[in-house]
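Start from chain A and add chains B, C, D, E and F according to the hints.
Chains as they are written, first to last, in the working numbering: chain A, 5 to 89; chain B, 2 to 166; chain C, 1203 to 1294; chain D, 746 to 848; chain E, 374 to 582; chain F, 22 to 128.
Some hints could be false.
Away from chain B, derived, C-beta distances all over 12 Å, residues of chain D [stated by the list, open to error]: (1) Leu748; (2) Ile751; (3) Ala752; (4) Phe754; (5) Ile755; (6) Asp776; (7) Phe801; (8) Lys802; (9) Ser809; (10) Ala821; (11) Ile830.
Listed next, with one range per pair, are the computed distances between beta-carbon atoms [claimed, not checked]: (12) Met746(D) - Leu436(E): 54 to 60 Å; (13) Ala10(A) - Gln90(B): 30 to 36 Å; (14) Ala458(E) - Phe61(B): 45 to 51 Å; (15) Ala807(D) - Glu106(B): 35 to 41 Å; (16) Ile80(B) - Leu466(E): 26 to 32 Å; (17) Leu9(A) - Ile80(B): 32 to 38 Å; (18) Leu436(E) - Asp28(B): 48 to 54 Å; (19) Asn1204(C) - Leu46(B): 40 to 46 Å; (20) Leu429(E) - Thr69(B): 54 to 60 Å.
Residues from chain B that face chain D, not an exhaustive set, calculated with beta carbons under 8 Å [what the hints assert, rightly or not]: (21) Thr16; (22) Leu18; (23) Val20; (24) Phe73; (25) Gly79; (26) Met97; (27) Ile100; (28) Leu161.
None of these hints come from the bench; they were simulated from the model.
Every residue gets a Cβ at the ideal spot worked out from N, C-alpha and C, and that includes glycine.
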Amino acid sequence: MTPGLAFDLLLAAALIWSALRALTTADLFRAVVLFIVFGLLMALAWARLSAPDIALAEAAIGAGLTGALLLDAVGHLRAKRKPEP
Amino acid sequence: MKPAPPLVWAVIWRTALFVLLWWVLSDGRLDSWTVGSGSVALATLLSLRLSPPTRGRVSFPGLLRFLTYFVFQSLRGGIQVAWFAMRPQTGLRPAMREIDLRLPEGIGRVLLINTLNLLPGTLSVELQGRQLCLHVLDEHVSAEAEVRMAETFLARTLRLELEPA
Amino acid sequence: MNGMTLGLALFLLLNLLVALVRVSRGPTPADRLLPALLFGTTGVAILLLLADAMHIPAFVDVALVFALLAAITGAAFARRAWREERETDEPA
Amino acid sequence: MSLPEIASFILLLAGAVFFFAGTLGLLRFPDVYTRLHALAKADNLGLGLIVLGLLFKAPGAAMSIKLALVWLLALAASATASFLIARRARQHSIAPWRSGEHE
Amino acid sequence: MLAAAGLALALGHAILQLPQAAVSLPTQVAGNMGQSGVEHPVTAVLLNFRGYDTLLEVAVLLLAFFGVMALSQTQSMCPAEPAHALLQALARLLAPLMVLVAGYLLWIGAYAPGGAFQAGAVLAAAGVMLRLAGLLPAWAQPGRLLRTGLVAGLLVFVVVALIALGQGVLLQYPSSAAGTLILLIETGLALSIGLTLSGLYLCSMETRA
Amino acid sequence: MNAALLYALAGVVLFAVGVAGLLALPHLLRKILAFNILGSGAFLVLVGLGQRDGVVDPVPQAMVLTGIVVAIAATALALALARHLYERTGRMQLPESRGAEPESRDD
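Pulled out of the complex, with its shape left as it was, chain A reads as follows (with noise of 0.2 Å):
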């Protein structure tokens, strides 16, 4: 098996349990962080795609934006969180 092979098993099969472990996982906080690195784990797979401009803007979303959305919503959601009736 070449590393490149070997590379692309490895990050098809790190893009797949991320998805998966940010839908299941029960605490949203780390339902979050696994979805930031499911995007920035997608810029790699775009590079390896031979895709550079989609790996461009999914760089840039996925560290600017993505990450600065979900985190003020989940700020957000624990700031007012109400306590239980």
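Frame of chain A, contents of chains B, C, D, E and F only:
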């Protein structure tokens, strides 16, 4: 001759810096300057707007000495952390230290905090007034000596006066 | 030579994925975030190695964008997300 | 393999070792402050060595400076981010781990 | 769960069975590159061959932004604690660099990977960074300048399209001027994508009581 | 096995995971994450299939580029709507799934 006002110098320096950066980015292609001149102008304007020019000047011999010190120290810092991480017993003896800074307020302190985060065994945790709270990996090593050393180098680079401790 | 560079990239990817254990171990939200911050360094290194191995210099630009924006996640976390006083947040 | 190629490879390898150490530190160190040490120092040194190794292969001056710029940006980002997170951790009164406590 | 697994299996099977495409798109694109006005195929597709996709995309972005803005106005706002000097210093340093890099991505788009979308995303990140450092006020009510910037991309696009329409077909530029026109359109696009994306963040985060 | 096809297959799995999550998870933030995963999967399929014979195809790449920007805009709008709902009702679920067990312990 009167010294030039800081604004003119700031404009010249920053434009030169952004021109150099654009040259680096565009790999020196001449046809890039249609977009390049606009981008450099925008970046310079934004930079002047965000950080207004000050009278401070950088000493180049000082900068060179600081960079040598910085590279050498960050090598040491990386090796130290790697050593802690790879030992069978980490042998960490962390502690918190409070130190009064001697650098005056401003860009000097900001650079100091960033530098300390990359130096061996120190992590800045809080800065209130001139009091710096520092997390150290090994309580037996004098954190104060490290801070003083970094302060001296930075003060020389930025031509700043150190305040008494 | 290419094979070796790709092999190093593979090793770094493995490193990155192993570090994801911290996401579930915690214990504080900050600990969980650390693996995401790793992309600022390890991800950049992987991209630089890929640029060299695949002969696509545009990946250096991707790495540049990664490094340029790496601070945003950390800052957004410290300023916006970590607000509560409770720090242990194991799922009930 | 020529001499620059060998030097480049050795530097890349050394960089990978520091990345490994950083990950190890992230997993083994006992609290958030010590883990931030590992992240900020070992990984940045690793990236620096990898950039240095790639400089041997860079086609021109512009590309070399671009690679160095990437490293500088990563340094600034991780130094600031680790300060902000450590500060927040202290504000949340997370006590630093002391030697002798259970790891 | 089972249904999802079944879906995955069926789609995977379909993909593996898919016949080779009758028309080869890469060859078509390569054949028409001469008249596109740019040297990078992805940019040529985005702005010349399938320009109306991009046009509609900007419209969608604006709609989403207006949606977020409408939602944010109904809620009370309170100022967050001021950012630490260190974060402010970093933002002051990085924001001009982000602008420069955005300009670079815009320029390189004509020759190599890059273009208005990536440039817009980096510009938006500069906005997010400045907001996080407390250096940018919130956008409760965008002023006239801001509104103009927001629709600039759409406007430039439409104007160029109308001029071209006078000479032929919608969004088919004369190939002699295609390069300049595309640069013009891309600049407008990058600005308006950058403003819209950062606006999506700037408006949505000011909703805490 | 070629790399483009491998990523296309990974995209199929991601698509299915996203669909399942979108339908099955009650929490709105999770639904938004699932929607994004679904989208990423579809993008991977598009680009991966487009170049499975090794030739890089610019057409799907351009389409995915627009897709990514539209996806982030949709995400921001969805987050704003979800927050709005949360302010009004104190819940992060759609009204019709109120009978399902609440995922209120979300941290």
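Determine which of the earlier numbered hints do not hold for this structure and return their numbers in increasing order. 6, 9, 10, 11, 14, 18, 21, 22, 23, 24, 27 and 28
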